[in-house]
Every structure is written in C-alpha cells, then in structure tokens.
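Q: Sequence:
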Amino acid sequence: DSFDSRDGRSTDPAPVALFIGQQRLMIPANMFRFPDQRNVGPHDRIDLAVHFPEMAGYTRAFRKDFLDLGANAPIVYLTIRTRDTPTDSVGRLINVYQHFFAEGTIPAPAGLVGHQMSEESGLSGEEVFFEAGSTNPFTTHCTAPDDSEYPASCITEIHAGTDLSVQIRFRKGMLANWDGIKSGVRVLLLSFGVTA
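Going by my numbering, the sequence shown opens with residue 1, and the numbers climb by one from there.
The set of hints was computed from the structure by calculation and includes no laboratory data.
Any given hint might turn out to be false.
[As the list claims (entries may be wrong)] Each computed BS3-like pair below joins lysine-lysine, with the alpha-carbon atoms no more than 27 Å apart:
(1) K172 / K182
(2) K64 / K172
(3) K64 / K182
[Unchecked claim] Label pairs and their computed distance ranges (CB to CB):
(4) D146 / T87: 36 to 44 Å
(5) L67 / P13: 17 to 25 Å
(6) Y77 / R24: 20 to 28 Å
(7) P13 / Y77: 38 to 46 Å
(8) P107 / A17: 15 to 23 Å
(9) P145 / G193: 14 to 22 Å
As the structure is a computational prediction, the values presented were derived from the model and not from experiment.
Ideal placement from N, C-alpha and C gives every residue a C-beta, glycine not left out.
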C-alpha cells in the first residue's frame, strides 16, 4: 500500500500531472503535504515537502525526519503558487531589506552575509542572509526565535516558469546547507517542468 494513513502522505513516487494557473507541472505524489492537492487541478497553490539532500518525497524510511520538529530537520518545504507579487527575495533585498539593516553584520554560514533587521523595519529580531558577491544572490529571511516550541525558520521566494512563485522554507538549523538547497530546488523544479 502506497498510502501512509497515519500521516495522510503517499509513499508513491509516481508523478501527478497538474496545473497551477496556466503552468503544467509533473510532481511525484509523495511530495504533496495535503492529499486534496494530489489531483489534476487547476490549483492556486500546492504545498510540498522534500527530504534534503536527496530532494526526494516521503518514504517510510524518512518518516522520522518528516515528523521531526527540531531545528535541524532535513526537510525543505515548497509552496508553488501563481505569482502575485512582482518581486522575489532578491528584489526585496534590493528594494526593502537593505534599507533596514541594523549596523554591522552577524555571524553567517560560509558564502553568506547576515544582517539583523532594525527596529524601524517592523521586522525587529529577524535576520536576512544573502549570498556574497553574486548578481542574483540567494536571499533568505529568517524569523526571530519566539516563545513557541517551534524552531525559527528561513524563507526564500523565487520566481519560476512564466508566472509562478515558489516559496522555499526550511529550519534555520539548515542554513549552512543554503547552497545545496538553492541548487536542489532548481533541479527539482526542472524535473517538475519549470525553470527557475
């Protein structure tokens, strides 16, 4: 049986053909987070979870990781939807974030520059990390740790296909893997049938 009833997730890697807006995508069934999205569509958005570094969908072998609520859980979440904003994370870095950096940089994984957001940004305590010296820098915005049990996460938005937006979310403990996440997502989107 390819359906894990405990989690509502499929272990079946067979691709599901679907539409988001005008864009046709082929996505393995075991990447969908919600069973009601595993159909032809059209969809406004779909939510996926993939295991890093394989960028593979749900399997019983990975079940523990998919259920892991810890800061280093090796899962990358993707929300693919019809684009409703003209800018992605790089655009926000240039147009918004960089004007609200607090003074100085903060420690960051190799290849990234980190800044804390200032009080007046309205994002106080949050952090932005971007790829040093790149013309199209990987950019991610990490939430401030709060009182909830849930670990801080980092969010990146990129544009894909003709009119799609892809939000990439992962636990902050995974930030050092940013380069693998960046390239892994690109390859994954290509396998779905869209370029990013």
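Q: All the hints need checking, so say for each whether the structure fits it.
A: Evaluated hints:
Proximity of K172 to K182 is assessed by CA-CA distance (about 14 Å); at most 27 Å being required, the pair is judged to hold. For the suggested pair K64 and K172, the alpha carbons sit about 19 Å apart, so the restraint of at most 27 Å is met. For the hint linking K64 to K182, the alpha-carbon distance of about 24 Å falls within 27 Å, and the restraint holds. For D146 paired with T87, a C-beta distance near 26 Å fails the hint of 36 to 44 Å.
Checked against the hint of 17 to 25 Å, the C-beta distance between L67 and P13 comes to roughly 19 Å, which is consistent with it. Between Y77 and R24 the Cβ separation comes to about 22 Å, which falls inside the hinted range of 20 to 28 Å. In this structure the supplied range 38 to 46 Å is violated for P13 paired with Y77, their Cβ-Cβ distance being about 18 Å. At roughly 44 Å, the beta carbons of P107 and A17 sit outside the given window of 15 to 23 Å.
A hinted range of 14 to 22 Å is violated for the C-beta pair P145 and G193, which are about 37 Å apart.
In summary, the numbered hints that this structure violates are 4, 7, 8 and 9.
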